[in-house]
Structure formats: structure tokens, C-alpha cells
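> Assemble the complex: chain L is given as a structure, and chain W must be docked to it using the hints.
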Amino acid sequence: MSAIDAREAVTRAHRAEWARVVAALTRRFGDLDTAEEAAAEAFATAVERWPVDGVPPNPGAWLTTTANRKAIDRIRREAKRDDKQKEAQVWYDDDPPEPLGAIDDQRLRLIFTCCHPALAMETRVALTLRMVGGLTMPEIARAFLVPETTMGQRITRAKAKIKAARIPYRVPSAEDLPARVSGVLAVLFLVFNEGYLATGPDTDPVRHDLTAEAIRLTRLIRALLPTDGEVAGLLALMLLTEARRTARVSATGELVTLDEQDRGAWDAALVAEGHRLMRERLAAGVAPGRYQILAAINAVHTSARDIRDTDWSQVVALYGQLVHLDPSPIVALNRAIAVAELDGPEVALAAVDRLEDKLAGYHAYHATRAELLRRLGRSQESRAAYDKAIELAGNTAETAHLTRRRDQLG
Amino acid sequence: MQYLVSVIDDGTGPDTPAEETAIDAFNDRLRAEGHWVFAGGLGSPEAATVIDNRGGEAVFTDGPFVESKEYLAGFWIIEATDLDVALRLAAEGSTACNRKIEVRPFR
Chain L
25 MSAIDAREAV
35 TRAHRAEWAR
45 VVAALTRRFG
55 DLDTAEEAAA
65 EAFATAVERW
75 PVDGVPPNPG
85 AWLTTTANRK
95 AIDRIRREAK
105 RDDKQKEAQV
115 WYDDDPPEPL
125 GAIDDQRLRL
135 IFTCCHPALA
145 METRVALTLR
155 MVGGLTMPEI
165 ARAFLVPETT
175 MGQRITRAKA
185 KIKAARIPYR
195 VPSAEDLPAR
205 VSGVLAVLFL
215 VFNEGYLATG
225 PDTDPVRHDL
235 TAEAIRLTRL
245 IRALLPTDGE
255 VAGLLALMLL
265 TEARRTARVS
275 ATGELVTLDE
285 QDRGAWDAAL
295 VAEGHRLMRE
305 RLAAGVAPGR
315 YQILAAINAV
325 HTSARDIRDT
335 DWSQVVALYG
345 QLVHLDPSPI
355 VALNRAIAVA
365 ELDGPEVALA
375 AVDRLEDKLA
385 GYHAYHATRA
395 ELLRRLGRSQ
405 ESRAAYDKAI
415 ELAGNTAETA
425 HLTRRRDQLG
Chain W
866 MQYLVSVIDD
876 GTGPDTPAEE
886 TAIDAFNDRL
896 RAEGHWVFAG
906 GLGSPEAATV
916 IDNRGGEAVF
926 TDGPFVESKE
936 YLAGFWIIEA
946 TDLDVALRLA
956 AEGSTACNRK
966 IEVRPFR
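So the protein sequences, as listed, match chains L and W.
In terms of our numbering, the first sequence opens at residue 25 and continues consecutively.
In terms of our numbering, the second sequence opens at residue 866 and continues consecutively.
Check before you lean on any hint, since a few could be wrong.
Cut-off 30 Å, straight-line C-alpha distance, at most; resulting in silico cross-link-like pairs (DSBU-like, lysine-lysine) [what the hints assert, rightly or not]:
1. Lys94(L) x Lys183(L)
2. Lys934(W) x Lys965(W)
3. Lys185(L) x Lys965(W)
4. Lys412(L) x Lys965(W)
5. Lys94(L) x Lys187(L)
6. Lys382(L) x Lys412(L)
7. Lys94(L) x Lys185(L)
8. Lys183(L) x Lys104(L)
9. Lys934(W) x Lys104(L)
10. Lys187(L) x Lys965(W)
11. Lys185(L) x Lys934(W)
12. Lys185(L) x Lys104(L)
13. Lys94(L) x Lys104(L)
14. Lys187(L) x Lys104(L)
Selected chain W positions facing chain L (in silico; Cβ < 8 Å) [what the hints assert, rightly or not]:
15. Leu907
16. Leu948
17. Leu952
Note that these hints are calculated values from the structure, not bench results.
Ideal placement from N, C-alpha and C gives every residue a C-beta, glycine not left out.
Isolated chain L, as found in the complex (with noise of 0.2 Å):
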């Protein structure tokens, strides 16, 4: 085997075993630093003795006991530096090896430990992007443009307040499942947005490391909790919009609106699993939640050869039933978008302009104004409402593509 090989297959069982790799031993240790450590240096150990022992048969099953090991030498330096036999303190799970249905249940105990209520909702993206999906410290800085050290200090203080708190490590009980589901699913939707329209002037308009990591740990929680129609519809919302990524930002770097995209461009793949995901929801008749609802919207979208073909009544049907969910002026704004294909411009300006109050520092709100205004052939008010948009906006494609509809006002 080639070092290069094997080099890969590190970075494969990195995806495929981190997260249980430290939620079998949070379980086993009882402390999340512990497990976090052992973790880093069990793969490092990986990167050092498979190139050169070559790649062992279960990689995952190698990692864990490596880590193990790692993780018990720890405990007896510490306990030996201080010479307080902390060891003996230590609570060692001496239950057998469990079947793989209770690991998966591991990762679900490690997932909502990171996405506690006490935790502050920065903190929890930060822990969740560390510990389940193995971002390392830089990574996970980078991603939401704060120093390194911030960031490291961000993740000691929860893990010290999870300890200290005793936040439990384990699945919540039934009656506070579904608000803690929601809270995972939360998390998870803004790691997606900040990867689908990443802020910062020097920053690439979409991050597809972050869009990446957000669907494959929304994909592990579907298979940990399959019946559950939300998390099903947060999969599928972010499948459809992941599937239009590169049609949505042009080879110059300017945002492609829906209307102007390339839908011979879009994935196929992905278009095709989140209508499937939504085929499944329908069939389950259940009243959908707020991300099927998105999701279904979006379903509409890709279900359109081109935008002339798009059920406008549909989605505007959805986003009324999405009111009723979350009467949000966000909502209210995008349903608005949808009227002006279904009752005209005039119509759609006159519900946009009754969210001034709530919307007028969001670019999206001057955005929409100016091309409602434009089709209205109101340019000089349609040109203000550009120059309001483009002073907000933090998307670098979007700022693009504000400057250039501007542009062509006469």
C-alpha cells in the first residue's frame, strides 16, 4: 500500500469514525476533554503507523482502542503529575462492548450534550462542528472569521460548564425530545447558512466545506432518528439548495438569481434524493413542520423546467402555510417575492412595504424593494433601494450582483 493510499484512508475513517470514536469514550470516561484528546492522538497515531503498517482491517474498531489507550495513559500522567491518584476518581464503564445500534445511539448522546439549551447558540455550533464532525480549532475559527483563540477558549468554556453544570450525556427524555431536536436541527441549519451565504469581504460567497459538513451530520441524525419528519425535511431543504450551488454563483463571482440560473447546471443527484425525502414525507401524512415546508418550496423550484414553468400558486400557497408556523417578516418577505409572480408587482411592493419597520437594516428587504420598483419602472426609487442593499449586504456575490442590476438602470 502507498502512503498516499493509506493517507486517504485516514482522512476516510476520519469522516466515517470520529464522532465514534469520542462518543465512545465521553461514554466511557465521562468527560468530553478526555475523549477530545485521545481522539486528536489516535488519529495522529493513524497518520504515523498506516503508511508505514499498512491500513488495519476495521479501522474503526484499530481507532477506538488506539484512543482507548491514548486516553488511559492520559489519566495515569495526570494522576501521577498531581500525584492524587485522580485515577481512582475516574469512572470506567465496565458494561461489554455494545451492538452497533447502541454506538449510533453514542453519537446521538454526543449531539445533543453539544447542542444543550444552557449552552449559548454560538457555542453550541462551535462544539458540535468540534466534536461530532472532528473540524479542527482552526477550521472551525476560520469558518466564522473569529481569531483562533477565541475559538479555543469558545469550546474550554463549555466543556467546563458541561462538566461543571453536569449538562447529562445522554438522549432526553420523551417529553423534552422534540424541543431538543429542533435545537439540533437549529445548529445544524445555521452551520448550512453560514456555508450557503458565508459573510466577509475577502471571503468565498459559498462555503462548501460548511455546506458539506451540515448535510453529512443532518444525514447522520436521519439515520439516528429516521421517523422524524423535520429532520428528514432539513436533509431535503438542504439537498435541493445544495443541488443549485453552482449554478447560484457565476464563473466572475456574482450571485445567479433563480430566474437567470443554468438548471441544466444543477445537481440531479441531489435534486432527485430530496424530492424522494419529500415524496416520503407526503406519504407519512403528518402536517409538516417548518423545514418540510421550506423544503417543499424549494421541491416546487426544482420540480420547474424553467422559472415560466414554476407553480407560483404553489409556493405561495406554502409560504402561507409557513406564516401560520413562524409569522416571521423574513417569511413574510420571501411570500411577498412569490406574489409578485402570481399577482404583479404592484401587488407584492405594497405587502414588502409593510415590513419596513421590522426589515429596513436587512439587505434582502431593499434588495426585493428595488426589483419590484424596477419592474414597476420606478428607477429612481428602484436605484436608492439597490444603493441601501448593496451598503448592507456581507456576501461578496451578492454585493456583485446588486452592483450590476444597479447598473443597468438607465
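Just chain W now, with coordinates in the frame of chain L:
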């Protein structure tokens, strides 16, 4: 594991009779389910005195150690297996006493 459950008064004023009844019922439940350690309501912050005897001569200062619109109005000390249990109890306590609540673990 024990948690300090602090009741924060942010201008709500003294307990109403309805709140006191609800707190009594909540306390009974804490006792019945084995979570009860201790609880008490506190006098107003104006009744507080700060003492500093680190220099060998006790200095007394009238009033609380920190002037704030929000202050500690009372507390529970509860026994709970983990934070999820403590948070669920604290959520019920917040409804019972009609105030914000902070949950903090003992070391």
C-alpha cells in the same frame, strides 16, 4: 448534585398571595420527590450590610455589595441528578414564583 436556584426580582415587588400559594405547592412537590434541600425568601437589598474584615478592623457598609435594579429575592437549594432535571424544576419554580430564575451548580 446540588444546584442553587436563585430567584431574581427585576421590579416585580413582593409576593402576591397567589404566588405564595403556588410556591408552597411547588415546595411540597420538591419534598415529595426528594429534590428539597433548603429554600428561603430574602428581605429587601436595603436591609443588607456589607462587612470587610480583611484588614483586621471590620468596616461596615450600608446596603448591598452591588447596587442593581435586579437583585436576589430568594433561593432554593435543590438536589438533582443532572442539569436537565434541575432546569425542568427551575422552569416550574419560575412559573410558581412568577420571576426569572438562575440555576448554578455547587462545586
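> If a hint holds in the structure, say so; if it does not, say that too.
The hints, checked one at a time:
{"no.": "1", "hint": "Lys94(L) x Lys183(L)", "in the structure": "20 Å, holds"}
{"no.": "2", "hint": "Lys934(W) x Lys965(W)", "in the structure": "13 Å, holds"}
{"no.": "3", "hint": "Lys185(L) x Lys965(W)", "in the structure": "21 Å, holds"}
{"no.": "4", "hint": "Lys412(L) x Lys965(W)", "in the structure": "40 Å, violated"}
{"no.": "5", "hint": "Lys94(L) x Lys187(L)", "in the structure": "21 Å, holds"}
{"no.": "6", "hint": "Lys382(L) x Lys412(L)", "in the structure": "15 Å, holds"}
{"no.": "7", "hint": "Lys94(L) x Lys185(L)", "in the structure": "24 Å, holds"}
{"no.": "8", "hint": "Lys183(L) x Lys104(L)", "in the structure": "23 Å, holds"}
{"no.": "9", "hint": "Lys934(W) x Lys104(L)", "in the structure": "49 Å, violated"}
{"no.": "10", "hint": "Lys187(L) x Lys965(W)", "in the structure": "24 Å, holds"}
{"no.": "11", "hint": "Lys185(L) x Lys934(W)", "in the structure": "27 Å, holds"}
{"no.": "12", "hint": "Lys185(L) x Lys104(L)", "in the structure": "26 Å, holds"}
{"no.": "13", "hint": "Lys94(L) x Lys104(L)", "in the structure": "15 Å, holds"}
{"no.": "14", "hint": "Lys187(L) x Lys104(L)", "in the structure": "22 Å, holds"}
{"no.": "15", "hint": "Leu907", "in the structure": "24 Å, violated"}
{"no.": "16", "hint": "Leu948", "in the structure": "5 Å, holds"}
{"no.": "17", "hint": "Leu952", "in the structure": "7 Å, holds"}
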